[in-house]
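Student: Here are the chains, one letter per residue:
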Amino acid sequence: MPREAEPSLNEKQFLLQAIQENLRLDGREPDQYRPLGLTFGDEHGVADVTLGKTRVLARASAEVTVPYADRPLDGVFTIATELSPMASPAFEVNRPTETEVLLSRLLEKTVRRSGALDTESLCLVAGQKCWSVRVDVHVLSHDGNLIDASCFAVVAALRHFRKPDTSIEGGVLTVYTPAEREPVPLGWLHSPFCVTWSYFGDEGETALLDATRAEEQVRVGSCTISLNRHGEICQIAKLGGTPVDALMLLQCTSIALAKVKEISSLLDRKLDEDTKQRNKGGRAAELTAENDR
Amino acid sequence: MPLDTSAYGLALLRVDGRRWNELRRMHAQIRTQAAADGSSYLEMGHTKVMCVVTGPSEPGPRRGGLGGTASGGGASSAQSKDAEVAVSIVVAGFSSVDRKRPGRGDKRILELQSTISSALAASLHTHLFPHSTISISLHVLSQDGSLLAALINAATLACVDAGIPMTDYVVACTAGSTSTYAANDEAADPLLDLNHQEEQELPGLTVATLGQTDRVAVLVCESRVQVSRLEGMLAVGVDGCKQVREILDRVVRDKGHRMLLEGTVERGAGLDDMEVD
Chain A
24 MPREAEPSLN EKQFLLQAIQ ENLRLDGREP DQYRPLGLTF GDEHGVADVT
74 LGKTRVLARA SAEVTVPYAD RPLDGVFTIA TELSPMASPA FEVNRPTETE
124 VLLSRLLEKT VRRSGALDTE SLCLVAGQKC WSVRVDVHVL SHDGNLIDAS
174 CFAVVAALRH FRKPDTSIEG GVLTVYTPAE REPVPLGWLH SPFCVTWSYF
224 GDEGETALLD ATRAEEQVRV GSCTISLNRH GEICQIAKLG GTPVDALMLL
274 QCTSIALAKV KEISSLLDRK LDEDTKQRNK GGRAAELTAE NDR
Chain B
755 MPLDTSAYGL ALLRVDGRRW NELRRMHAQI RTQAAADGSS YLEMGHTKVM
805 CVVTGPSEPG PRRGGLGGTA SGGGASSAQS KDAEVAVSIV VAGFSSVDRK
855 RPGRGDKRIL ELQSTISSAL AASLHTHLFP HSTISISLHV LSQDGSLLAA
905 LINAATLACV DAGIPMTDYV VACTAGSTST YAANDEAADP LLDLNHQEEQ
955 ELPGLTVATL GQTDRVAVLV CESRVQVSRL EGMLAVGVDG CKQVREILDR
1005 VVRDKGHRML LEGTVERGAG LDDMEVD
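Protein sequences appear in the order of chains A and B. So the mapping is simple: the working numbering equals the position in the first sequence, first residue as 1, plus 23. So the mapping is simple: the working numbering equals the position in the second sequence, first residue as 1, plus 754.
These are computed hints drawn from the structure, not numbers from a lab. A couple of the hints might just be wrong.
Derived, one-sided and incomplete: chain B residues facing chain A with beta-carbon distance under 7 Å [unchecked claim]:
(1) Leu864
(2) Ser872
(3) Ala873
(4) Ala876
Keeping only pairs whose Cα atoms sit at most 27 Å apart, straight-line, the calculated DSS-like set for lysine-lysine is [stated by the list, open to error]:
(5) A:Lys35 / B:Lys861
(6) A:Lys152 / B:Lys835
(7) A:Lys76 / A:Lys303
(8) A:Lys282 / A:Lys76
(9) A:Lys35 / A:Lys76
(10) A:Lys299 / A:Lys186
Covered by chain A, according to a simulated footprint, are these stretches of chain B (three or more residues, beta-carbon under 8 Å) [stated by the list, open to error]:
(11) 792–805
(12) 1015–1021
Cβ atoms here follow ideal geometry from the backbone N, Cα and C, with glycine treated the same way.
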């Protein structure tokens, strides 16, 4: 199994010394994110997120399937994460590493378990037909903080996604193509985002937001907090590592809430821009059709 | 799951008759397996777990479970300067009401393993045992909420029994809140040590601290809850951890005392100042 190249002793010491003096290699503040970029694909439901040099692509898709026997009224919603060797030589295909397992569990807890997507609205015919919504997360480049970037990409992709419109008449289900009927957005309840803190120092006394890969390799612990802009915690995961003072964790949570509000409004703005851009042609075409009649 | 905890407001008693700040009955034993380097058995209410520790020993050819070192790096133990803490969890089929066979790659179990491994690695003095493995195997016999907390406590006790040097006990317990995520009622009480029913219904979190300190090693919250509830829940959880530490410490001291009386171990120089009664 290939291992990730570890930073040399000199690099490690340099980085830690700098962090102790409140300096980061890229000159950021401790609670500052790298520039967060989001572009949508031509298709609905494709989100390409860049966070510094980290790049994640999420793609949402939907198909009609049979619901699970124990949940006849719910649709199916899955998040598939794949860390390919493209992102880092330490990742292998078909052999989930610890990073991958923890990442997919976190996304699962943040987006699925917190009930961000209304799975009941995916039900078409109880016990017989439902939508299966699937989000594939592809990590294109790994430079730290995969969790926050992936979570943002998943939420952006799902909110951008449109599923085909359907109708049921006399027990016959019709799925319309985009040409027949405008596709409809998913039933979305709230948008959770992850904020990951990394801890440094013997007692974990220094906390940094949005660690790069080099910083991740020398950190002593991390804590991922998922919140939405209404101030609801969806999930907290500090999975071991050096113990951190409880008060510090509370402070981290309140800063995280402010960050989540920023991220949330960024996503809203990007979605608005995208709708406007798409509308330009779309609405005009509709108007001409009406005029012809 | 259709259970009603709304009666709490009337008598301020929970479904099992406890008050908000009471732990369930906790019973623990150490040195239960003669063949193992360290072993423990722990009950928190009806949650029952067993733990067996082997090592620190030379890493075998086949390693089960997810390993983690104190540095959090993915270095395998052969090259590493620190001992690797490998944790494997076996959930017995009869442990919960519905018998289900978990798949081999159950991500929930993998997450638990990695959490326990990383939490203990930070407290154990792994740097004293380079190129070796401490393998902790946990067996879940019965589940009634607070599973992660029970597993962490059992693993700590077994490591104490194995005589692996550590900074302090890593102790864990759960805390919850009587409010739902939607209700913004100020009257909501924090609750200590959730059982299965409460865990299903109410928001809650698992806290593990390092001994008597306020330093949190593990904090896992899997339910939706208002951010303002966190402070109360965390405070109650940290307080509960201190109580748990007292209980575990008592178990270890009692066992030590009994072993002295039985003559299993000789009274050493360090044992004189041990407070035994």
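Student: Compare the structure with each hint and give your call.
Tutor: We went through each hint and held it up to the structure:
The interface hint given for B:Leu864 is met, as the beta carbon of that residue sits about 5 Å from the closest beta carbon of chain A, less than 7 Å. Evaluation of the B:Ser872 hint against chain A yields a held restraint, the C-beta minimum of about 3 Å falling below 7 Å. With its C-beta approaching chain A no nearer than about 4 Å, B:Ala873 sits inside the 7 Å limit, and its interface hint holds. At about 5 Å, the closest approach between the beta carbon of B:Ala876 and any beta carbon in chain A falls short of 7 Å, and the interface hint on this residue holds.
Under the criterion of a C-alpha separation no larger than 27 Å, the hint pairing A:Lys35 with B:Lys861 is inconsistent with the structure, at around 32 Å. Of the pairs offered as hints, the one joining A:Lys152 and B:Lys835 is violated, with about 55 Å between alpha carbons and a cut-off of 27 Å exceeded. Proposed proximity of A:Lys76 and A:Lys303 is contradicted: the alpha carbons are some 32 Å apart, above 27 Å. With a C-alpha separation of about 20 Å, the suggested pair A:Lys282 and A:Lys76 falls inside the 27 Å cut-off, and the hint holds.
In summary, the hint linking A:Lys35 to A:Lys76 is supported, as the alpha carbons are separated by about 20 Å, within the 27 Å threshold. This hinted pair checks out: A:Lys299 and A:Lys186 have alpha carbons roughly 19 Å apart, not beyond 27 Å. Counting residues of the stretch 792–805 of chain B whose beta-carbon sits less than 8 Å from any beta-carbon of chain A gives 0, not enough to reach three: the coverage restraint is violated. With 0 residues having a beta carbon nearer than 8 Å to a beta carbon of chain A, the stretch 1015–1021 of chain B misses the requirement of three or more and the stated coverage is violated.
Of the numbered hints stated above, those contradicted by the structure are hints 5, 6, 7, 11, 12, listed in ascending order.
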